[in-house]
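J.: As a plain string of letters, each chain reads:
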Amino acid sequence: MTLFSTRDETEVSTTTEPALGGAPAGDGGNRAASGEGLTVRGLHKVLGGRTIIDNLDLQVNEGELVSLLGPSGCGKTTTLRMIAGFLDPDGGSIQVNGREVSHLGAEKRPSAMVFQNYALWPHMTVFKNVAFPLKLRKRPKKEIEERVDAVLELVNLLHHKQSRPARISGGEQQRVALARALVQEPQLLLLDEPLSNLDAKLRVKVREDIRGIQQRLGITTVIVTHDQEEAMSISDRIAVMNAGKIEQFSTPADLYARPRTEFVATFVGSLNRFEGSYRDGRISDGSDVVGVRPEDVKFSREPVPGSLPAVVERVVPRGHFQELFLRREDALLRSFASGESPAVGEAGHALITRAMTFRGDQRVDADQPVNGGQA
Amino acid sequence: MTATVTPRRRKSGPGPAVMLLVGLFVLLMTIFIIGPLVWLGLHAFSESWSYPNLLPSSWTMRWWQVVLSDKSLGVAVQNSLFFAPMTVLLSSIICLPAAYAFARHEFWGRRTFLIGLFATNAFPKMGLFVTIASLFYALNLMNTITGVLIIHILGTVVFMTWIPAAAFAAVPRSLEEAARDAGASKLRVLTSVTLPMAFPGILVAMVMSFLASFDEAQGTYLVGAPVFMTMPTQMYSLVLNYPNQVAAVFSILLAIPSVALMTAAHKHIAGGHLAEGFQIK
Ligand SMILES: Nc1ncnc2c1ncn2[C@@H]1O[C@H](COP(=O)(O)OP(=O)(O)OP(=O)(O)O)[C@@H](O)[C@H]1O
Ligand SMILES: [Mg+2]
Chain U
0 MTLFSTRDET EVSTTTEPAL GGAPAGDGGN RAASGEGLTV RGLHKVLGGR
50 TIIDNLDLQV NEGELVSLLG PSGCGKTTTL RMIAGFLDPD GGSIQVNGRE
100 VSHLGAEKRP SAMVFQNYAL WPHMTVFKNV AFPLKLRKRP KKEIEERVDA
150 VLELVNLLHH KQSRPARISG GEQQRVALAR ALVQEPQLLL LDEPLSNLDA
200 KLRVKVREDI RGIQQRLGIT TVIVTHDQEE AMSISDRIAV MNAGKIEQFS
250 TPADLYARPR TEFVATFVGS LNRFEGSYRD GRISDGSDVV GVRPEDVKFS
300 REPVPGSLPA VVERVVPRGH FQELFLRRED ALLRSFASGE SPAVGEAGHA
350 LITRAMTFRG DQRVDADQPV NGGQA
Chain H
0 MTATVTPRRR KSGPGPAVML LVGLFVLLMT IFIIGPLVWL GLHAFSESWS
50 YPNLLPSSWT MRWWQVVLSD KSLGVAVQNS LFFAPMTVLL SSIICLPAAY
100 AFARHEFWGR RTFLIGLFAT NAFPKMGLFV TIASLFYALN LMNTITGVLI
150 IHILGTVVFM TWIPAAAFAA VPRSLEEAAR DAGASKLRVL TSVTLPMAFP
200 GILVAMVMSF LASFDEAQGT YLVGAPVFMT MPTQMYSLVL NYPNQVAAVF
250 SILLAIPSVA LMTAAHKHIA GGHLAEGFQI K
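These protein sequence lines are chains U and H, in that order. Take 0 as the starting number for the first sequence in numbering that gives the first Met the number 0 and just add one per residue. Take 0 as the starting number for the second sequence in numbering that gives the first Met the number 0 and just add one per residue.
Chain U with its partners taken away, still in its complex shape (with noise of 0.2 Å):
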């Protein structure tokens, strides 16, 4: 377990890659055709006389981190746990590095799973925990030994080797479950909402741990969220679901930047969101929905070609910057403006730099999606 290993950075960089950088999905075809990662295909599964899965298609590269993001009872878990091999799909293909793996049980797997609740084997210590799957390997005792305390050290947690798991703080439970996976040195890492059940602060910090060791290992990974913020500061490349469905995957910047759907701007940040049509800079009666991001909207004190007269109704501040609610005549805009706050009742002007359009949850203004996010 090197630091750093000697992975390409094309993949590493794409968190950080500007929205106009474009999705790597061209990239992503490339690699999908030599099999590597993760492929699934036409997965489908009915409970309780509900679809759930409904014909999912997901391509998941060698070394990448995607992120399933979506609202509570969407699926996720479900997808999850079909790929992990705890649920049978009822139709459809799971590859792993190409190899089909939806006949197998979980036990014959590539894959290792961070379980929500961790999970940890409270009759165990910590270092048997991490052995156990390399007992059942058969290993030899010093190499799991060896091993163990590689993995362990990794996470951080060699002085906790021989505690209890109810002896120790939820984030070190926590990376236990994840030093139990990595141990098994899968082909792919699952990881369910594995942060949910931290605290704020902890989860900022243990999300960064997580995703420096999955670049260090290189590990092609899949992590189940709700949480879009998460999503989006770990992942290279989020598939939004709703309803049994992924709406679109694609890169958190480009998700931002270009939804494809109502549900998809809506879920993945910020947005002004109103019934009508879009116009030279105005919100006009129309049956379509527009959704404005707070960073396009801004306020100036002088008037800007293409902008209104705005009152300042409300400022909220959200830390290095502020949230302003700015009264026009065709709409109420909600605006993120760093600098110097404006003071409630000013009276300036706001212009709508760039507004997306939606027609039956479909976004059909021009500035759309170039490559159109294909898994």
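Calculated directly from the structure, the hints in this document are not laboratory data. Misleading hints may appear alongside valid ones.
In silico PhoX-like links for lysine-lysine, alpha-carbon gap of 20 Å or less [as the list claims (entries may be wrong)]:
| id | chain 1 | residue 1 | chain 2 | residue 2 |
| --- | --- | --- | --- | --- |
| 1 | U | K127 | U | K160 |
| 2 | U | K137 | H | K185 |
| 3 | U | K134 | H | K185 |
| 4 | U | K141 | U | K160 |
| 5 | U | K134 | U | K160 |
| 6 | U | K137 | U | K107 |
| 7 | U | K140 | U | K127 |
| 8 | U | K107 | H | K185 |
| 9 | U | K160 | U | K140 |
Per label pair, the in silico range of CB-to-CB distance [what the hints assert, rightly or not]:
| id | chain 1 | residue 1 | chain 2 | residue 2 | range |
| --- | --- | --- | --- | --- | --- |
| 10 | U | N155 | H | V25 | 43 to 53 Å |
| 11 | H | G22 | U | L157 | 42 to 52 Å |
| 12 | H | A169 | U | P70 | 23 to 33 Å |
| 13 | H | V74 | U | R138 | 49 to 59 Å |
For glycine and all other residues, C-beta sits at the position ideal for the given N, C-alpha and C.
Following the hints, put chain H with the ligands in place on chain U, whose structure we already have.
T.: Using the frame of chain U, we list chain H with the ligands on its own:
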């Protein structure tokens, strides 16, 4: 300053009224539990002890000699030490898989079956035994080891099913799934995760079954006597044929295995990491 004083005051403990109640409770418990034991202990060593005297007038080991030199006692001890562990073993083999099935699988008639198990304990035992006895006559099971074992096992089925079923059900499924995910076969999941985690509950059931078998007298007498006498059935005849003191000695002997077993099992059941592990979600 106040900050340090306040918690200390709180720590100083409950008020006098509560202390008094607790004291009273302990005293009552002592009288009702320790009292008879002391009475037994004294009787077992007394030559004679009759009403107004506070303590026996003279001491003796005679009753112990009577009991220990009684040949039938040795046989009874042997029988008891055979039937009780055998009962636990066979009952475990029969009931634990059933308990696991009750805990982990939904199947037709599951609830009816669970309630039915209770119902067997709802009827007066003696009536049940008499019916069984007539059945045993027909099957030639009277005065056989098998017959006695069946009687004993019947008395343990409820504990051996209900308590382990609850223990199995309390093992979170994700812990079993995690083991599957790590590469364990179904059998390995059972031996490495499910059984160890359900162990405290199973142990309680086993101890209770052992004691139930060890104390079983009515059915054993009916089915086993006079060929298979166990300690409790032997005690009946001893009590009838000898003075009080012999019964006292015998009671003490009868209590030894129970106390020993409880002491041995105690730390596995009550304390330790097994109990504490269940705090994990
Ligand atoms: N065994 C089952 N029988 C019937 N319906 C089920 C079963 N398991 C899951 N479902 C349903 O499937 C849907 C998807 O469940 P799933 O657990 O995959 O959601 P999720 O996306 O993980 O949500 P969350 O964010 O709340 O965890 C839910 O509506 C749930 O009620
Ligand atoms: Mg879920």
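J.: Each of the hints needs a verdict: does it hold here or not?
T.: Going through the hints against the structure:
A hinted pair counts as satisfied when its Cα atoms are at most 20 Å apart, and U:K127 with U:K160 qualifies at roughly 8 Å. Taken as a hint, the U:K137 and H:K185 pair is honoured in the structure, with Cα atoms around 17 Å apart against an allowance of 20 Å. Of the supplied pair hints, the one linking U:K134 and H:K185 holds, its CA atoms being roughly 16 Å apart against a limit of 20 Å. Note on U:K141 and U:K160: the hinted pairing holds, with a Cα-Cα distance of about 16 Å set against a maximum of 20 Å.
About 16 Å separates the Cα atoms of U:K134 and U:K160, which keeps this hinted pair within 20 Å; it holds. With a CA separation close to 15 Å, the supplied pair U:K137 and U:K107 stays within the 20 Å bound. For the proposed pair U:K140 and U:K127, the alpha carbon gap of about 12 Å is at most 20 Å, so the pair holds. For the proposed pair U:K107 and H:K185, the alpha carbon gap of about 12 Å is at most 20 Å, so the pair holds.
For the proposed pair U:K160 and U:K140, the alpha carbon gap of about 16 Å is at most 20 Å, so the pair holds. The supplied range of 43 to 53 Å is met by U:N155 and H:V25, whose beta-carbon atoms lie about 49 Å from each other. For H:G22 paired with U:L157, a C-beta distance near 50 Å keeps the hint of 42 to 52 Å intact. The beta-carbon spacing between H:A169 and U:P70, approximately 32 Å, falls within the hinted interval of 23 to 33 Å.
Distance hint check: the CB atoms of H:V74 and U:R138 are about 54 Å apart, consistent with the given range 49 to 59 Å.
No hint from the list above goes unmet by this structure.
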